[in-house]
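Peer 1: Below, each chain spelled out in residue letters.
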Amino acid sequence: AAGVIQSPRHLIKEKRETATLKCYPIPRHDTVYWYQQGPGQDPQFLISFYEKMQSDKGSIPDRFSAQQFSDYHSELNMSSLELGDSALYFCASSPRDSSLTDTQYFGPGTRLTVL
Amino acid sequence: AQSVTQLGSHVSVSEGALVLLRCNYSSSVPPYLFWYVQYPNQGLQLLLKYTTGATLVKGINGFEAEFKKSETSFHLTKPSAHMSDAAEYFCAVSTGFQKLVFGTGTRLLVSP
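From first to last, the protein sequence lines are chains A and B. Under the numbering used here, the first residue of the first sequence is numbered 1422, with each subsequent residue one higher. Under the numbering used here, the first residue of the second sequence is numbered 29, with each subsequent residue one higher.
Worth double-checking, as some hints may not be accurate.
Which bits of chain B does chain A cover? Going by a derived footprint, with three or more residues having C-beta under 8 Å, they are [stated by the list, open to error]:
id	segment
1	44-53
2	102-113
Some chain A residues well away from chain B (every beta-carbon gap over 12 Å; in silico) [as the list claims (entries may be wrong)]:
id	residue
3	1434
4	1458
5	1463
6	1476
7	1477
8	1478
9	1485
10	1490
11	1492
12	1500
13	1529
14	1532
15	1536
Computed list of chain B residues with no C-beta within reach of chain A, every gap over 12 Å [stated by the list, open to error]:
id	residue
16	40
17	56
18	69
19	99
20	120
Don't read these hints as lab results, they were simulated from the structure. The C-beta atom is built at its ideal place from N, Cα and C for all residues, glycine as well.
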């Protein structure tokens, strides 16, 4: 079965640089969530999109922005990177069809290292 | 607001022993509850979930969990641990089609 695809899998950036993380949800999934997992931490919700509109916002820094495109893929843009942004970034997708129970399927994550 | 508390950051068991990972939740509305497993340097894999209906939920790899509303608990169990069960386990709560709120995780160690 198709899974959530994230690219790149690994990314190394310098402080103050920018980074773009991409997420391709499971086909026919219209909702995308972004989470950040710091070293030894639990995943923290950043932002979510439903049908290309932002549906919820968590503890996402103002330096970060995200959007969902017409093909439902999503991108997380991170600017002025700081050392503390080093983390594993997960994307999850779910179908909003009310006939299905709400389950978020996670991608393998993008490991961002800021030097 | 919702929250999840996982008791024990580390749990050690012997191979073949019972696995019990504890999760208590707080939610002002009926919760959806999930257990995810994370192997080193990998993503989160859904083990099982409770939304409505039967309170005893069976998942993959022989795991199961029971939703107990009176105790606000959703503990994860497996009758007999296997070496391959060693991983980080996260309990999570949502109210349906909403963000997941995770607990701090429990690392399961399995010794031969």
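Peer 1: Could you tell me which of the numbered hints above are not met by this structure, giving the numbers in increasing order?
Peer 2: 1, 2, 4, 5, 6, 7, 8, 13, 14, 18 and 20
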